[in-house]
Structure formats: C-alpha cells, structure tokens
Amino acid sequence: MSLFGLVLRNLRLRGLSSTLTALSVALGTMLVTAILILQGALDRHYDAPGRGYQIVVGAPGSALQLVLNAVYHVDDAPGLMPMRVWWELEEDDSVALAVPYAVGDSFRGFRVVATTDAFFAGRSPHPEGEGAEKLAEGRPFRFDRERLEDVLRELGAELESASAAASASGGGPGLAQSHGATEGAEEEEFGPESEFESGSESAAHHDDEAEHHDDEDEHHDDEDELDGDEDEHHDDEDELDEDEDEHDHDEDEHVDDEDEHHEHETHYEAVVGAEVARTLGVRVGDRIEPTHGVEGGRAHDHEHLWEVVGILKPTDTPVDRLVLIPLDSFFSIEDHRGGALLPGTTEPGLSAVLVFPRPGVHKVMLLSRLNRRPEIQVADVHEEIGHLFDIVGSVDVLFLLVSILVIVVGLLSVLIALYNSMNERRREVAILRAIGAPRRWVLGSVVIEAALITAIGAGLGVLMGHALVALAAGRVESAAGFRPNALDVVPTEGLVVLLVVLAGALAGLWPAWKAYATDVAENLRPTS
Amino acid sequence: MIRADDLEVAFGRQAGSETLALGSLHLAAGERACVVGGSGSGKTTLLHVLAGIVSPTQGRVRHGETDLFALKEAARDRFRAEKIGYVFQTAQLLQGLSAMENVALAASLAGLGRADARSKAEAILKRVELGHRLDARPGTLSVGEQQRVGIARALVTKPAVVLADEPTASLDERRSAEVLDLLDEVVAEAGATLLLVTHEPRVRDRFERVLDLDDGPLEVDS
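For the record, the sequence lines run as chains A and B.
Just so you know, the first sequence maps onto residues 752 to 1279 in the numbering used here.
Just so you know, the second sequence maps onto residues 12 to 233 in the numbering used here.
The following block holds chain A by itself, in its conformation from the complex:
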C-alpha cells in the first residue's frame, strides 16, 4: 500500500464529498475554459477576418453596426445609402477598389450578399487571389453592369440625376461613364489618369474593358457563351453612352432605351462560400432559391432560381458562410423593387460599399472627404474593430474574473472539505503515526489528496468547458456571427489546469498541517 494508494482509498471512502468538491472546482474551470475558447474564436473571427478591409461606407447610423454587417455579416444593415456614392467612389483617384453590397436575403440560414465582379478582384481580401483563384471550384458569377442600370431604370430610378450629383460633388463622371468595379481593382494596370477621366467614353476605358475581358477569357476559356455575351455587352455599352447623351430625363426615349437594353441578360448565378457548400452539400450546377430576410423568412415570389457557378475557397472568415449573387439579379427580384430606392426619392440604394483605398495618404484623404457627407456613414474598419475589442475585452475580463472567483470558491471548498474531514480523520492519522507513518507522509497524503481532487475537477472542468462551447455554439453564432469550435484546444487550458492543481495543493496545506500536528496519543485513546 503506497502513499498514493492510501490517497485513492481516502477519495473512495469520502466519494460523495470528494465528487462534490471536485465538481465545484470543475464549474469554475469549465467557465474559464469556455471563455478562453470563445476569446480565441473571437480573435480568429473578428481580428483575422477584419484584416484586409479598410473602409466601409453605408447609411448613416452606427459605424460599428455597419462594420459588423458589411465585414462580419452579423446584425442588420443600418439602412440604404445612395448608390451614386458607389459610382463616385469608383471614379475617385484615392480608391483602388469599391465593392458594393446589397443584403437582406438568405439561403437556408446563410446570408445572401448581392455584389459585383469587384468581389473577385485581387484587392478583395477573402479568399486571397484574383478571379478564379478565389474559387475552389467553378467560376465567378457574371455581373452585367448595363443590365443593372436597366433594372434600376425599370424601378423608376433617376440614374441621370444621380450621375449629375456625382459629377457635382467632384467624385467623377456620371453613371454612363463610370468604370466597371473590377477595373478599379486592377490597380497596377489601371492608371490614375484613366480612372479620373470624365465625360464621354475614352480610349483608355475601352482598353481596360478589353483587358478585363481578356482576363475573363483566361478564366473561362470554355465559356464560349459567356464570351459572346461580353462582346454584346461592349456594343451595348457604346450604344448606352450615346443614348444617355441624347435622352437625359426623357421618359419616352427612356422606354426606347430600355428596349435596346433588353438585349442584356440578368445572370441568375451564385457563388457560395466554402461552409455553405460543405454544410448544405451545395455543388456547382445546383440551383438555389434565396428567401427574404437574413433569418430565412418567406420565399420570394418570383420565377427565378440561381445556378451555383462557383464555390469559394475556405477562408475561416464569415465569407465562408455567404451566398454571393450578382447585384443586377438582386434588383430583378420583385420583392426588392419596393425597397431599392431611398425612401421618398428616385435614387437607388445600396446596403454598403467596401472601399479599398490606394496605398499611402489616400485613406486619410478619403476619410476626410467622405466624413463631410451627411447622407452616408463612413467606418474605418480597424478603428471600429478596436472599439469592438475594447468593449468585448472589458466583458471578457469581467467574465474571466467571475470565473476565477468561482474557481477560488471551488478551491475554498476543497480546503473546507478536507479541513472538516480532518476532524473525522484525526484517529486515522494517529493510527498511521502509531504504526510508523512519518509526519511528512501524513502531510503529503493530504496535500496529494487536495491536488488530486482539484486535478480531477480541473480536468472535468476543461471537458465541461468544451461541452459548454458545443452547446452554446449555435447561440453564439446567431448572436455574434461566429461559431466557436468546441474541439479548439487553447494552449492556456493546460496552464489553467496546472495553476488550479497547484492552488488546490496549496489549499490542502492547511488541513495537511492539521494532520501533521495531530496529537497521536490523544487520538489513540478509546472512544468508549
């Protein structure tokens, strides 16, 4: 019978007391473990995914809400911002890329984001790469800028007045002269001069368009039909430019113009995030039907299904949980038509624009200019995430302190349980001493017992912490936009267990001392 064997026997003998004491330690350790896992998940899901984003422009309101919605895809968008701001941003020489977002739909619990081919530009951070490089499978969706304009006109949007406003604000040319968003992304190939050209269509613009389409050809060599469409697109764009010069605000002519633009086609195509594909088993070629509302409300009353044409590479960011569709297809949905215009105006609206400034001082200049505009909210992503972490960090510290207090209470219960048991064990200690057990052996047995109880409690607590995270993962995801992985092992978990066990051993010192100081002769006297 070794010292450790005697300790195990003591634990068995006081099984209920030992179990309850270990449980009290386990509760505190469980909370600390869960908080550490959540902290790790929070860092991964808010810090890393936020990297690469710079500025978000949206409707006036909370800047943090705007960032949470546009970057992390949680919470609701603050409202609609004028779409002309997007066009202006595309023409701004401080902007390398502007990615518009229209949100509000979902597909089987995953948010749908309507955007443009700018999403697939190299500057758009998640997934890394450009065009098809961002995809694990398939190709990017086709976004038709001209078709978007057509759709918006059908909705009663006065695009010309918006263009005029853009010109008036110094942001660049009107809609007809604006470049495709992807062009803005191609910073190296697209000089500031050509970005800032205004007025009628320029040769540089055409060159860029051609380059853009060459890229697409590379990505979709096998897509003959698509190439054909793009050629048509060029022809129609030229026609549109001429039309706009001639028929500003003329409703009758506008109808004629529409007739011409009917040759454009809305591509009901979707690209899904890696998690969407994995979770729902969505594959390229499948057809999906988004529903109205981010919580997955009623189905749209329309006849279209979106064909999945690509699956994004996994990023371990909220992008993995997105369904991306072309902006023109979003506004083609009957349900969206009522909300496509800013209330009380004929201006089309967007949920947000992700803005990627050119390197250097451009970000500061851009922020300064945009902040002066009352119709929009401008959020510096890094600043807002800093605020978020300040808030969350304070709550984290509070939770951690409470959890540590729970552990301390657990350790106190170890001390109290062992101390009280010493009264019952004095006789036993006296017997052990009488048959030759040295004092340090008796002291060691109590300290080891305390350490063992806390080790069992701490070990159990770590498992319970992971189980708690598994149980709460769904709620965390719906509330915070990220799903913590219960199988994540935080390196500090081991340190927590070690510290708790050490503290438990220390807590056992007092009762151990009581055992150490037991008066053998006194406690060997017969009790009856």
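Calculated directly from the structure, the hints in this document are not laboratory data.
Now the in silico label distances, taken between C-beta atoms and shown as ranges:
# : chain 1 : residue 1 : chain 2 : residue 2 : range
1 : A       : L759      : B       : A199      : 35 to 43 Å
2 : A       : S753      : B       : E140      : 26 to 34 Å
3 : B       : E84       : A       : L1151     : 43 to 51 Å
4 : B       : P212      : A       : E1175     : 34 to 42 Å
None of these values were measured; they are calculated from a predicted model.
Note that beta-carbon positions come from the ideal geometry of N, C-alpha and C, so glycine has one too.
Assemble chain B onto chain A, guided by the hints.
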C-alpha cells in the same frame, strides 16, 4: 530488550502541567510481562513512551542498543515501523482498506516493497486464520476477526517488541482467550518481547511478571 529508566511524562495540554512518574522498566528479549493499574495510572502512557509516540520529560528508553529519543522524529517513526508492533484496544483498522491492505500498509511503512509486503501480509493473515478473509473490509469482519487482523498488522514485520494496549477489552471471555492464545503464539514464534496492558484479572493471571502502576513508579526489579 527494553531498558526504560526514570521515566516521567507531562500530562495535560498546558505547558508546565503536572508530571507523572512512570519509573524504570527492564524487559529481556523475548520476555512477557503485563502492566496493570487503575484508570489514569499511566498504563497506556507507558506504552506510548516505550513506542516513541510520547516523549518523556525525563528519563530515556533504549531498545537494544538504540536510544529511542536520541533519534530524530522521522528515524524514530521508521524504528517504530520496523521494530515495534502495536496492538490497540480496539483493532483500529483503517476503513476502506481490506484486511490484506491494512496489514500490508504496516509492512510498507517498514520499508518492504509492494510485493514483499503483500506476501508477508498474506502469510501472517493465514497464520491468524484469516486466509479466507484477505479482501474483507473491516466493517464486514467480526470484532474478534478485526482484532486478529490488528495482531497480524503488529507482527507482520517480525518486530523485536510487541506492545499491546488492552487487546481484549472489547471481547467476550471466549474470544478474549482465543485472541490472547493467538497473540502468545505469534509473539513466541517471532521471538519478540511482549508488554501487555490490561485491567482484567483473567488476563493478568496469564503472565508471570506483572507490573502494577498503582504501587507507584515502576522499579527496575518490579
């Protein structure tokens, strides 16, 4: 062999409390003796001093060539584990341990390895006719059986000295005789010195040498 000379111990919890003179006692190797006396006469205290559990305020105790209280406490504990067997009034077995584990624990404290301790524990338990109850917990043993386990625990290390503190106080006459017979046998087999405390005349009558503390401090030749 035990030589205790001019022993005096303090009793009571406070410093400077009263002292009790126990006197002197010499026991030869293999000798059997019993100590009698009224309640509070110091019978159990004498055993505690001889076992090194209680330090005397005066006098010294030698087991063979070893001056017990010249040893540091840890060494005295080890000496007790190896050389002294102690039989309690009630068996004082550790609950939660089997008969075998209770006995093997004493052997382990004397420095025997796990296997050796278990082997010796099994042998001595068979000797006290408990070979069929090796794994029995104390609560499932009769009082007589428990006391036999207590005797086995005291003798598992083949000690030089066995100190027994009223080992039959909780037993009826028949069982008392059985236990005393057994104790005599195994002590004799071990060649140990036996000093037994009792207040029972029938037990006292089994010993040729009786030391009576009611007569005052013990004399070397008493």
